[in-house]
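Student: Construct the entire structure; sequences and hints are all you get.
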Amino acid sequence: MTQKTIFEPEGRAVPFVDEGEGPVTLVLVTNRDLEADGLGVISHYLAEEAGFRVVRVGTRAAADGVSVQERATDAVAVLDHLDIADTWVGGHGHGSTIARVFAAEHTDRVNGLLMLGVEDEQIPLAPGIPVLIIQAENDDVTPAAPAEALQATAPERASITRIPGADHYFPATHPIETAVVIEEYLDWD
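In our numbering, the protein residues as written are 1 to 189.
Keep in mind that the hints were calculated from the coordinates and are not lab data. Possibly wrong hints are sitting among the right ones.
Stated by the list, open to error - Pair ranges (Cβ atoms, derived):
#1 Arg157 <-> Ile6: 33 to 43 Å
#2 Tyr169 <-> Glu49: 17 to 27 Å
#3 Asp120 <-> Glu70: 17 to 27 Å
#4 Pro9 <-> Ala145: 29 to 39 Å
#5 Ala13 <-> Ile84: 15 to 25 Å
#6 Pro23 <-> Pro143: 29 to 39 Å
#7 Arg32 <-> Gln122: 15 to 25 Å
#8 Gly65 <-> Gln122: 18 to 28 Å
#9 Arg60 <-> Glu148: 28 to 38 Å
Glycine residues also receive a C-beta, built at the ideal position from the N, C-alpha and C atoms.
Tutor: This is the structure in structure tokens:
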């Protein structure tokens with residue numbers, strides 16, 4: 001069982017899980033409690049099978065009214081605490097929006113962006129970094145159109161992979177398929 005840790009920068013209780021070690025580091029920002037974020041199996045697979053270091057950053061205990069910029073700041077504080085200088089950053093649904101803000105505000109620390117479903121938000125992609133978008137075939141919460149529109153803004157460095165037969169909860173219902181897509185994409189990095 002992976003151990004959750006609470007980091008308290010400036011009194012904020014930010015939970016995180018750090019597992020694995022290796023040449024590739026991936027930070028996944030969640031929008032739920034770490035035990036219910038649906039990313040645990042993906043993280044464990046990438047840490048154990050792919051040899052990645054995966055850090056999942058959860059939401060503050062009192063997350064109501066916390067902006068995406070504040071959540072991105074929480075993730076940076078955890079990275080500083082763990083002495084991680086640069087990483088891939090990603091998330092699922094709203095977590096991918098937080099990751100997109102993180103990448104835009106801290107481009108110097110981001111090797112690439114991983115988005116598991118794309119919310120329809122007008123946040124431009126950070127310049128110069130690769131972007132992997134994983135989209136569920138039948139996602140009615142984060143449908144294909146916002147992902148395709150975002151990919152079209154940087155077609156030379158953003159790609160979309162679809163998980164067949166999956167809905168919005170694909171990280172939980174199709175974790176191995178999703179993890180393999182991530183592993184194969186990040187292994188070239």
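Student: What are the numbers of the hints the structure violates, in ascending order?
Tutor: When the structure is compared with the hints, none of them turns out to be violated.
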